[in-house]
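Asks: This is what each chain is made of:
Number of protein chains: 2
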Amino acid sequence: MTEATFFCPTELICGFGVLDQLEDIVQSYGQKGLFVMDPFFLGSETESRILNLLKGKDVLTYGRVTPNPRDTDINEGAALCAGGLDFIVALGGGSAIDTAKAINVVLTNGGSAWNYVKQVDRPMKEITKPLVPLIAIPTTAGTGTEATRYSVVTDALEHKKGTIKTDLIFPTKSLVDPELMMSMPRKTTALTAIDAFAHAFEAYIGSKANVFSEMYSLQAMRLFARSALRACEDGSDREARLDMAMCSTLGGLAISHSATTLPHGIGQALSGVTDAPHGGSIAVCMANVVSWTLPECEEKFAETACLFDFTLKEKSVRKQAEALPELLNKLFYRMIGEPVTMATYGLKEEQVEAVADMAMKNFFGDISRHPRKASRDDLMAIIRSCL
Amino acid sequence: MTEATFFCPTELICGFGVLDQLEDIVQSYGQKGLFVMDPFFLGSETESRILNLLKGKDVLTYGRVTPNPRDTDINEGAALCAGGLDFIVALGGGSAIDTAKAINVVLTNGGSAWNYVKQVDRPMKEITKPLVPLIAIPTTAGTGTEATRYSVVTDALEHKKGTIKTDLIFPTKSLVDPELMMSMPRKTTALTAIDAFAHAFEAYIGSKANVFSEMYSLQAMRLFARSALRACEDGSDREARLDMAMCSTLGGLAISHSATTLPHGIGQALSGVTDAPHGGSIAVCMANVVSWTLPECEEKFAETACLFDFTLKEKSVRKQAEALPELLNKLFYRMIGEPVTMATYGLKEEQVEAVADMAMKNFFGDISRHPRKASRDDLMAIIRSCL
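Residue numbers (the numbering used here), protein chains in the order written: chain A, 349 to 735; chain B, 349 to 735.
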């Protein structure tokens with residue numbers, strides 16, 4: 349290690365019932381609030397519960413949140429607050445929270461959300477003015493965006509995905525309340541959980557891993573190993589739901605202190621070419637990426653495998669590491685409840701090249717941080733093996 | 349777990365050479381700086397190096413830092429900045445950084461440092477105005493104050509120790525550069541390292557332990573097990589020095605997310621009655637506290653013991669836990685280079701009662717968070733066993 353940096357100014361408050369703290373928290377803020385909400389919650393009990401916790405404040409609700417937050421929707425949300433704003437509350441999965449984070453930037457610093465995404469062909473707009481306090485309330489256990497410096501946005505005009513990445517958009521506080529996640533359907537539970545695991549695991553094996561990120565990764569993976577299947581098989585298992593909520597938040601901390609690697613590189617490219625959901629796109633390539641990576645990264649693969657199967661501890665490091673792909677494949681299969689491959693998401697043999705090219709072009713960072721360097725041919729072979 | 353909170357707004361930058369980043373960091377601040385420095389560094393190369401990194405700024409140096417920071421010295425430091433201040437840089441061990449943290453409160457919010465210490469007999473003064481940015485540069489690896497919400501201060505008039513505890517006094521950034529710790533003498537290395545371990549271990553076994561604090565505790569203890577003896581036996585071992593610097597910072601994170609328990613309760617009382625150095629006061633009671641606590645907390649003692657002796661992994665949890673006191677005693681002895689007991693620090697049999705009473709009165713929080721509840725008689729028996 350030459351240098352390791354720890355930074356997460358967000359206060360993360362985790363546990364059943366912590367949502368109720370929202371009422372006290374907003375007391376210290378001014379009068380005008382924006383409530384960014386996944387439209388899924390429109391008219392729900394959760395919506396009225398939150399509006400009740402915000403009573404006495406002038407709150408505007410904004411529900412134009414899509415699975416891949418568009419710059420146009422973000423700009424529109426920011427325009428609603430042109431008269432000034434004192435705080436933002438965001439409720440939903442990663443998309444709602446990312447939308448709120450980006451609105452916070454645009455409403456305080458002007459321009460369009462896409463201006464703040466780093467691009468090679470033009471300078472990025474600088475954030476010079478302070479943002480308003482943002483309280484994030486995740487309702488899925490996957491992205492971990494409640495604990496990161498990232499907001500993923502899409503250029504609606506050119507259909508390009510990019511990331512606003514700045515220390516300034518960490519939420520002020522995040523209320524991670526598993527009560528809000530109890531009703532997640534099985535498939536969502538499974539795919540978001542796999543995403544959370546991928547954050548922890550990829551941050552762990554990547555070249556940016558350090559003393560801080562490794563702690564978050566290991567703790568998140570321990571919780572995943574203990575509770576992911578339980579949360580899928582019995583959504584009413586409160587202990588498992590709590591573990592998965594924490595796993596997701598810790599996964600966010602892990603990528604915020606390190607970064608994702610090849611599975612996210614391939615997965616995101618797959619989602620670009622097909623409509624594969626984010627967690628699913630990673631589930632279908634994770635095991636094969638691990639197999640391809642061996643014998644590189646053997647020790648960390650071995651340590652990960654032992655979290656899933658304690659009996660492996662008596663075997664050699666080589667054997668432990670080699671057990672990982674099959675362990676993950678079987679577990680993902682049982683979690684999701686059915687086998688998924690890239691073909692499930694509609695990928696055709698003739699599109700393999702397009703996925704590899706998009707990974708090379710748009711997700712080169714992920715590829716470059718992976719413990720084994722992949723060429724374009726390597727990517728094609730891995731992707732083909734996942735069909 | 350009912351609730352777990354993660355909060356540390358400090359940016360922790362760790363590694364050899366990170367001190368040089370100070371120059372860039374202060375560029376974003378205003379012109380007027382206060383440099384709080386352990387007088388040990390007066391006229392040293394480190395002092396001139398830092399003044400050089402701060403060149404171009406109007407910097408006032410304050411060196412009235414004592415092992416137990418006095419409110420009077422803190423108030424005097426704050427008074428020096430009555431004309432306004434833009435940032436503070438603190439260089440030294442826990443005392444210098446705690447002095448700077450407390451100066452920051454007094455200069456921005458007025459009054460005396462002691463007003464901000466919670467006491468049963470009067471209301472605590474509130475912090476209502478924002479503090480100035482504080483950059484902490486630790487030169488020992490023990491207190492972890494570079495990552496905590498605490499500043500320990502002493503009422504000079506009444507010789508009482510107390511703690512300012514607020515989310516507002518976290519340093520803005522901490523530059524944890526083991527280069528500055530390379531010249532620490534063996535005994536200081538040993539006693540500060542034992543303090544760091546105690547933070548991690550006590551936070552781990554205490555009633556406030558949670559998913560976040562446990563990560564910090566385990567990572568800190570892993571680094572301690574790997575490198576504490578090496579850092580003592582060969583101060584030029586850079587890898588060991590880096591590990592111990594990180595161990596200390598992680599120990600600070602651990603107590604900031606959980607808290608200390610009985611060893612700190614007894615140790616601090618011992619330092620109140622005798623002149624025992626902080627780390628030494630804990631070294632002399634740690635193993636006996638663990639022995640007395642058994643069979644409570646067996647699993648966590650067992651896990652800790654296995655970090656020090658991998659061969660224990662084949663034994664029962666009971667045997668692992670029972671091995672811990674002797675493992676710690678032997679290691680502390682080898683680290684310090686000579687056996688120490690409470691008698692070494694001048695404690696007499698007739699003072700045992702006074703130590704127990706002070707622990708009961710001033711450090712009851714530590715006692716109440718310990719996994720086995722200690723009565724006054726229990727404390728006397730433990731203390732007597734450490735003579």
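Read the hints as simulated data drawn from the structure, not as lab findings. Hints may be right or wrong, so weigh each one.
Each pair may be met inside one copy or between any two copies, as identical chains are not told apart.
When the alpha-carbon atoms are kept at most 25 Å apart in a straight line, the in silico DMTMM-like pairs for lysine to aspartate or glutamate are as follows [said to hold, decoys possible]:
(1) K678 x E651
(2) K473 x D372
(3) K535 x E701
(4) K696 x E647
(5) K473 x E359
(6) K405 x D585
(7) K473 x E644
Asks: Each hint: holds or not?
Replies: Results for each hint:
no.	hint	in the structure
1	K678 x E651	within (18 Å within a copy, 30 Å between copies)
2	K473 x D372	between (35 Å within a copy, 21 Å between copies)
3	K535 x E701	neither (29 Å within a copy, 63 Å between copies)
4	K696 x E647	neither (35 Å within a copy, 52 Å between copies)
5	K473 x E359	between (27 Å within a copy, 24 Å between copies)
6	K405 x D585	neither (35 Å within a copy, 58 Å between copies)
7	K473 x E644	neither (39 Å within a copy, 57 Å between copies)
When held up to the earlier numbered hints, the structure conflicts with 3, 4, 6 and 7 and fits the remainder.
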